[in-house]
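Listed below, chain by chain, are the residues.
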Amino acid sequence: MPQPIISLEGIHKYYGEVEPRLHVLKGIHLDVTQGEFVSIMGTSGSGKSTLLNLLGCLDVPTEGSYLLGGKDVSQQSDDELSRIRNEDIGFIFQSFQLIPQLTVLENVQVPLLYGESSIREKEEHCRSILDSVGLSHRLSHRPSQLSGGECQRVAIARSLVNDPLILLADEPTGNLDSKTGQEVLELMDSLHGDGRTIIMITHDQEVALRAQRQVRIHDGLVIEEAS
Amino acid sequence: MISRKKKELLRMGLQSLLGYPMRTVLTMLGVVFGVGSVIAMLALGAGAEKELLQEIGRLGIQNIIINSVEPDQPENNSSSGSSSRRGWINYYGLKFKDHRQIVETIPGIERVLPVHLSKKKAWNGSRWVESTLFAVEPDYFEVFGLEIASGRALSPQDEEDLARVCVVRSGLLQELGIYEDPIGYVLTIEDQKFTIVGVLSEDRFQGYAQKALVADARSSEIYIPYQTVLKRQGTRSFSGSAGSWEATDVELNQIVVEVENLDQVILTSRTIENLLSRNHPEKDYEMIVPLEVLAQRRKTQQVFNIALVAIASISLLVGGIGIANIMLATVTERTREIGVRRALGAQKRHIIAQFLTETTTISILGGVLGIFLGFGLVQILVIFTGWTAVITPISIMVALTISVAVGITSGIYPARRAAALDPISALRHQ
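Protein sequence lines correspond, in order, to chains A and B. As numbered in the numbering used here, residues 1 to 227 make up the first sequence, in order. As numbered in the numbering used here, residues 228 to 657 make up the second sequence, in order.
Source of the hints: derived by calculation from the structure; they are not laboratory data. The beta carbon of each residue, even a glycine, is placed where N, CA and C say it ideally should be. Hints may contain errors.
[What the hints assert, rightly or not] Restricting the straight-line Cα-Cα distance to at most 27 Å, the calculated cross-link-like pairs of lysine-lysine (DSS-like) are: (1) A:Lys122 - B:Lys438; (2) A:Lys122 - B:Lys526; (3) B:Lys420 - B:Lys348; (4) B:Lys232 - A:Lys122; (5) B:Lys277 - B:Lys575; (6) B:Lys234 - B:Lys526; (7) B:Lys575 - A:Lys122; (8) B:Lys438 - B:Lys322; (9) B:Lys575 - A:Lys71; (10) B:Lys324 - B:Lys232.
[Unchecked claim] Every beta carbon over 10 Å from chain B, so not counted as near; a handful from chain A, in silico: (11) His12; (12) Arg21; (13) Lys26; (14) Ser44; (15) Asn53; (16) Gly56; (17) Arg85; (18) Pro111; (19) Leu113; (20) His141; (21) Arg158; (22) Thr180; (23) Asp204; (24) Glu206.
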C-alpha cells in the first residue's frame, strides 16, 4: 500500500466565534493516494465546498489533521499556506478565474510570479503546457476573446505550471455546455493517465463517474465510497 | 535572482495599469496638476529670492550705507525750530566730522567712502539735463560694482589734481545729443567745464538698491571726483524759483562703510549707530545694512514661499486622495482577481506590493508629467508677468519625493484592504 498523498484524520470545521457555532464538517476521514482520480459529490450545504477549501489550503480545519505529501498543513501560517498553494496545489475553478487584463500566456505565468523560479526560465515550459492543452495558437489572446472551453483549458494549463502534488477541480464543467464539458473531462482523464492526482468536486453524478473513485459527502460526513 | 523576481512582479503590476489606460491617465491628472503647481510655486519663490539677492546684493552685503535725511520741520515755525536752520540756509545730515570719527574710532573697517550729492544742470550747447552730481572717491565704482563700458573710472590722481573730469551714463549722452565718441567730450555743469573720461554700462540699480543709494531713476547721474566738488564748489547748494530761494548745506549725503569681516557687519553697524546718535540727536540720517535687509526680506520671502507651496500642496493632496479613491474602487472591482492570485500562491505582501506598485507608478509618472507642466506654467507666467522664476534641481527632487510619498500613502490603505481579503470569499465575489 503506497503512502497516501492526502490524509485527512478527524477533520472538523466550525464557523463563527460564538455559540451556537455552525458545525460544517463533522469528522472527515479521507486518504488519497498518488495518481488517484477522486470525485467528491454532495448536495449544496453538504460541506463539499468547505472540504475543498481545506484540501486547497485556503482554510484550516478547526480540529483534526491534514497531511499533504506527508506534511501536516492543518495549522500553518498564512504565508506558509500561500507557499503550499503555490507549489503543491493546482486549482481548476468552475468559472475559470482567469485575470481578464492578462493574456493567455501571462495568465499561465501568474503562479510563477509567487514562486521561486523566474518567469523567463519557465517561459518554454509554459508554452509547452499550453501546447499540450491545444492552445499554442492563442498565447497572446485575452480571456474575453476565448470560448468557455478554451478558458478552462488555460486554467488547467495554469494549474500545471508549478507541477503540483494534487489538482483540485471545483465543478470544472459547471459553466460549460456538455460537448466542451466532455472535452475538458477528457483532458482530465489524460492528465490522470499521466499519473496526476486529481480531486474533483461536483454535484453531477455523470461527471463524478468519470473518476476512478467516488466519495459522497452528506451533512459533513463521508457517507459512501465507491470505486 | 531576487531582483529579477521583483522586476517580474513590477511588470505584472504595470500590466494592470496598461489594462485600463483611461482610468490610469485620469487618476494621474491630480498628481500632474499638483506637482505642476508645486514646481511653479517653488520656481516663483526661488525667482523672487534671486531677484532679492541681486537687488540687495548689489549694495554689497559687507557694506553699511548711511544716508542724510532732511528732518521733518514745521514749515512756518523756524524761530522755535532747531539750531540747524541758520538764516536761509538749511543745515542737516552727515558731517565731515562723522566721516572722520568713523574712520578713526570704528575698528574692523576696510574703507569708508564719503559721498556728496547735488542737483545741477548739465549743458551741451543749448541742450541741458537736470542731473545728479555724485561726488565720489574712486573706490566707489568698485564697491558698488559699477562697470565702465568705455573710457576709465575716476582715479586717485583726479582727486589729487582736483581734476574737472566726470564719468556719465550713456543715457545722459543721448539726452544731451552726444552721439560721437564721448570720451574727451566737455560738458558744462553750472558754469564749470568737465571732460568726460568714462561711460558706465546701463546696468541699473533697481528697486530697493536704487532707493538705498539715492540713485537716479533715469540715467542722469554724473560722477565727479570728491575733492574736485568739495574744493571747487563747496557743499552748499541753492535752489530757487519765482523770487524766493532756499539754500541747503549737507556736508555729506552718504557715507559708505565697508566692513572687513562679514560676521562683524551687524556689530559694526550698531557701533556706528551709537556714534551717530550722539552726534545727531535729531536723527537726520538713516542707516541701511544690506545684510540685515536681506535677512529680513529673505525671512518674509521664505514665509511667503512656504505659504505658496502649502497652497499648491493642497492640489497634490487632492490628487493623492483621488488615487486612494480610485484604488479603493479598484480593490472592490478586482476582488476576484485578488482571490485568484491568493489561491495561486500570492502572499499578502505580494498583493500589497502589487497595489503599491500601481499607485507609486501612477504618482511618479504623474510627478514627471507634472514637472513638465510646471516648466510650462513657469514659462507662461514669466512671459505674461515678467516675474523672475528659477526652477532649481532641489524643487524637482522635492516634487518627485512628494509624488512618491503621495503614491505610497495613497496606496497603502487600499493595498492593505486588498491583502486582508479572505481568499475564499474573494473568489466567490461577483
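*Find the hints from earlier in the document that the structure breaks and name them by number, from lowest to highest.*
Failing hints, ascending: 1, 2, 5, 6, 10, 15, 16, 17, 18, 19 and 21.
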